[in-house]
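Participant: Sequence:
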Amino acid sequence: MAHNVAILGASGYTGAELIRLISQHPNIEITALGAERKAGMQMADVFPHLRHLSLPTLCTIDEIDFSQIDLCFCALPHKTSQQVIANLPSDLKIVDLSADFRLRDPAEYEKWYGNAHAALAQQGEAVYGLTEFYRSEITSARLVAGTGCNAATGQFALRPLISAGVIDLDEIILDMKCAVSGAGRALKENLLHAELSEGYNAYALGSTHRHLGEFDQEFSLIAGRPVKVQFTPHLLPVNRGILATTYVKGDAVDIHATFAAAYREEPFIEVLPFGTAPSTHDVRGSNFVHIGVAADRVAGRATVFAALDNLTKGSSGQALQNANLMLGEDETAGLMMAPLFP
Numbered sequence: 001m002a003h004n005v006a007i008l009g010a011s012g013y014t015g016a017e018l019i020r021l022i023s024q025h026p027n028i029e030i031t032a033l034g035a036e037r038k039a040g041m042q043m044a045d046v047f048p049h050l051r052h053l054s055l056p057t058l059c060t061i062d063e064i065d066f067s068q069i070d071l072c073f074c075a076l077p078h079k080t081s082q083q084v085i086a087n088l089p090s091d092l093k094i095v096d097l098s099a100d101f102r103l104r105d106p107a108e109y110e111k112w113y114g115n116a117h118a119a120l121a122q123q124g125e126a127v128y129g130l131t132e133f134y135r136s137e138i139t140s141a142r143l144v145a146g147t148g149c150n151a152a153t154g155q156f157a158l159r160p161l162i163s164a165g166v167i168d169l170d171e172i173i174l175d176m177k178c179a180v181s182g183a184g185r186a187l188k189e190n191l192l193h194a195e196l197s198e199g200y201n202a203y204a205l206g207s208t209h210r211h212l213g214e215f216d217q218e219f220s221l222i223a224g225r226p227v228k229v230q231f232t233p234h235l236l237p238v239n240r241g242i243l244a245t246t247y248v249k250g251d252a253v254d255i256h257a258t259f260a261a262a263y264r265e266e267p268f269i270e271v272l273p274f275g276t277a278p279s280t281h282d283v284r285g286s287n288f289v290h291i292g293v294a295a296d297r298v299a300g301r302a303t304v305f306a307a308l309d310n311l312t313k314g315s316s317g318q319a320l321q322n323a324n325l326m327l328g329e330d331e332t333a334g335l336m337m338a339p340l341f342p
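Residue numbers (the UniProt record's numbering): 1 to 342.
Since the hints were made in silico from the structure, they are not lab data.
Note that the structure is predicted; figures quoted are calculated from it, not measured.
Fair warning: there could be bad hints in the mix.
With a cut-off of at most 35 Å between alpha-carbon atoms, the simulated DSBU-like pairs for lysine-lysine come out as follows [said to hold, decoys possible]:
1) Lys228 x Lys93
2) Lys188 x Lys111
3) Lys188 x Lys79
4) Lys111 x Lys93
Ranges of calculated distance between the beta carbons of each label pair, as one might list FRET restraints [claimed, not checked]:
5) Tyr200 x Gly300: 37 to 45 Å
6) Lys79 x Ser279: 31 to 39 Å
7) Asn87 x Glu171: 39 to 47 Å
Ideal Cβ positions, reconstructed from N, Cα and C, are used throughout, including at glycine.
Please model the entire structure based on the sequences and the hints provided.
Facilitator: Below is the structure:
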């Protein structure tokens, strides 16, 4: 049976990625595409790489008949998303790709995002959307909050280790390299080609990156006590991909074995042979995560690597994976495409 879906924010990168993925899904039909500023346009004019698809004309949210929609993807900016979702039908299944429902504590949301939450009732029912760790809750959820792409990468690299108690929780350094598409499609001076290319810089220094709120929430929940990682993201002049290099204290062989056991049955997570590091090239355009572990020259220290595509597994692929569970579809439907290389 085909499921009808709507995508709000269809003119952004994650909206376009959702369309690309869903176009290969056997049982999902795109019925409506919301894009306020580009309403009335054809998707082929906004994203020419999708011109081969037969898609609805872009429209405003008010023009969508949600009574005909089984599930709605919200690929809208934070703050906007909560305002829109608060006014959607209360029985509509929703996968939100923004930051608005990721943090369970409204005070934490206000701390990290600078405004009071405007949809507290919906926030209270939202399930955190890291599929591999919240699968059963997502299956029965009405509203799923997609993770941040950086937050997903860091959690794939650390959650099993925290759960198993094989690393020192007070000595975690997370160094992350991030593609520019993670900043969205809006025009920003520092993302102009002349200002971004041929360079490499750290950003959101110290304790200012918003995804720290997700790390604090999730890692502390697993450990049963506060866990605060040292985290620095870096902006790379590349279009797609995230590579996390995580420095931990623990036995490298035990750490690798912990990953192998934790991810053995996961269709999208590949644990590489011991001593092998992944590349963002190896996961580009796919829903796969590659995990690597290497021993340090000093006994009792290890380096953990995680690579994923920020637009796919870090956002839109994760959203479709969650939607599959919510709609009773095979979790991998529409998502088993091989990575693009070169």
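Participant: Taking the hints in turn, state whether each one holds.
Facilitator: Each hint, compared with the structure:
1. Lys228 x Lys93: The hint holds at about 33 Å.
2. Lys188 x Lys111: holds (24 Å)
3. Lys188 x Lys79: holds (19 Å)
4. Lys111 x Lys93: OK: Lys111 and Lys93 at ~28 Å, within 35 Å.
5. Tyr200 x Gly300: 37 to 45 Å: violated (30 Å)
6. Lys79 x Ser279: 31 to 39 Å: 35 Å Cβ-Cβ, so the 31 to 39 Å window holds.
7. Asn87 x Glu171: 39 to 47 Å: holds (46 Å)
Hint 5 from the earlier list is the only one contradicted by this structure; the remaining hints agree with it.
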